[in-house]
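These are the residues of each chain, in order.
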Amino acid sequence: MTTFLGFPTAPRGVGHLRTVRPFPVAARQALGDAQLRRNIGAATATIRAKRASVVAELPDWEALRSAGQAAKASAMRSLDRCLVELESQVQARGGTVHWARDAEEANRITTGLVAATGAREVVKVKSMVTDEIGLNEALAAAGITAHETDLAELIIQLGHDRPSHILVPAIHRNRAEIREIFLHEMADVDPALTDDPHALAEAARLYLRRRFLTARVGISGANFAIAETGTLCVVESEGNGRMCLTLPDTLITVMGIEKVLPSWNDLGVFLQLLPRSSTGERMNPYTSMWTGVTPGDGPQQFHLVLLDNGRTAALADQTGRQALHCIRCSACMNVCPVYERAGGHAYGSVYPGPIGAIISPQLTGIEDNATLPYASSLCGACADVCPVKIDIPSVLVHLRARHVEEARRTRRRPSAEAVSLAAASWVMADPRRYTAALRSARMGRALGRGGRIRLLPPPLSRWTSARDAPVPPAKTFRDWWRDEHGDTS
Amino acid sequence: MNAREEVLARIRAALDDDGQANGHPGGAASAAAASAAPASAAPASAGQAGPAGAAHGTAPGCDDSAPGYRTRGDLTGVPLLDLLADRLTDYRAVVRRTTEAEFGAAVSAALKQRGARRVVVPPGLSLPGLPAGVETVIDDGLSPQELDAVDGVITGAAVAIAETGTIVLDASPDQGRRAISLVPDYHLCIVHAAQAVEEVPEGVARLAARAHCPLTWISGPSATSDIELRRVEGVHGPRTLEVILVG
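Residue numbers (numbering that gives the first Met the number 0), protein chains in the order written: chain A, 0 to 488; chain B, 0 to 246.
Read the hints as simulated data drawn from the structure, not as lab findings.
From the three backbone atoms N, C-alpha and C, an ideal C-beta is built for every residue, glycine too.
Any given hint could turn out to be false.
[To be verified] To spell it out: a stretch of chain B is covered by chain A in this simulated footprint if at least three of its residues, at any positions, have a beta carbon under 8 Å from a beta carbon of chain A; those stretches are:
#, stretch
1, 8-17
2, 150-159
3, 176-189
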């Protein structure tokens, strides 16, 4: 693993990939918020049902998933060539391409580009990557106001809140709470505003319309970029994306380097996988594609910022690399029993849920998000729904192993995880030791109630602080086998 | 080293280990990921020639092996248009079926029912007889504010995808600039039978020659699911999408 040391991770002190609160602490606090759990439980149940219904419509869904996985794996294997091809295609069509080693560099480039136009305001399409790098804060520090235009991002921005879901950042808010935020924060809002979702959407339309029609600079992320043609693609629902991508004079797109796809025909796969997995629709209402600049149509200045920010560190890990295949659909969080109860904020990163638990630690270095690989029961529901077949549980286990290994190397003192895993390994390697351990574990029955052990004595209390342990059966399997079949070992 | 060279150097270094990868203790997942990759795909160190897309096997025509998913539908003619109409309606578009002979009357009826008096029309759209009592404004670079003041817009289309109820505009002269189908609150879109395909990959393949043009894929009126994941039609894009299906 020493080969990975040459790849810088996302820098500290900028962006939203880290938190000071470890996941168990944040999750415990979130579990105490009954309203939050009700909101998230209701919303994830709704979206799960919609996804299942539109996925079932397609007889070739599994073939599409395999094709998506293969296209992403291919893009990663030829990432340098894909990016150079993308760059030359964008430049050939009048766009300008910038490269950013990390969040600070991307923020500096983008802020400089906005400042050069003289604009003091920008309109933004919802974008995970600009949240990852903390672009809005960097713009604000330069005296530039960023207006989030996606309805959910607007609710977050007006509510001085943090997003808790990739697709629906305000999933933790219900309609009554959203009404309160609008009444409080929108200057010209109708005081008779109701909490009917139609009325709330109409209020957002009126609030943003003037900003769209007068905006000079738009900022977006990208869902896909096609190396072969230089085409950028943004998938959305409300039309705020089209407004930001079409009406301003200048468009700046910030894109993680892993978003590139080799060929045009890949869109035929991903434009089926993404909407069905994401919003549970056959197709999202609007998808915009553009290549460089088109004279007389849309922004006449186009800048593409290609961002690393820890992605090459993930690429260097051959098991962890598949996290870069993620198309940000959010299907994994909608089926995750941990996410459904703890909510997105507990993960402390702009990327929550199962996929976040394997992306964030790889972008920041595991030490800075060390509790996330453990924020899972490894039930595997995430891998079953992933449209590009990312084996999230295996990567979680791999990152746990890397964490233990890195901690051992740097601290030179074994962690609790290392001790317990080493002990388990020693015990399980020998049938006699294993039999003895199982017999002694039966003593634990005395502690159990209702089939679960809620509190074990130290050092095993580290296990039961976060989970119950099952009460061992009255007779071990090995004892039962010997009684039934005689001792043949 | 500048940022471009440095990021590319990191990528190459990260991929460099792939050659000797198989002996590394990567765990079960790396073995699974490696075996899941298509056998035809070249490793990063090989296949330097050709465009970036040549190294992978998902694109039809790029590879001898079939992609495994459907790249062409079975439906043609009226059943194809029936599916398109059904899926458009399902996502709250208004659909009007007509024939080439009745086409002009259908446009007039739609505008009359909508109550639209001033509508934007792209310079290259030929309408069979202007609807009576309706002023058409030919787009010659109207400002967003001017577009905001009209009652609607009429455009043609490049491709319609039946399975998803999607219409694609490619900025051809009969469809115009992206802004004209975005700012007005009512979009009347004319789709001819020859533009309909059944599957998404068919639509993508048909648009390959227009890949450098601004493309707008439209599936129903603008919508949001941001409040409790309940779908609400009508946010920033046109709140009414009406499709005249000719054929």
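Hint-by-hint comparison with the structure:
Counting residues of the stretch 8-17 of chain B whose beta carbon lies closer than 8 Å to any beta carbon of chain A gives 8, which reaches the threshold of three, so the coverage claim holds. With 0 residues bearing a CB less than 8 Å from a CB of chain A, the stretch 150-159 of chain B misses the requirement of three and the coverage assertion fails. Residue count for the stretch 176-189 of chain B with a Cβ under 8 Å from a Cβ of chain A: 5. That meets the three needed, and the coverage hint holds.
Checked against the numbered hints given earlier, the structure breaks only hint 2 and satisfies all the rest.
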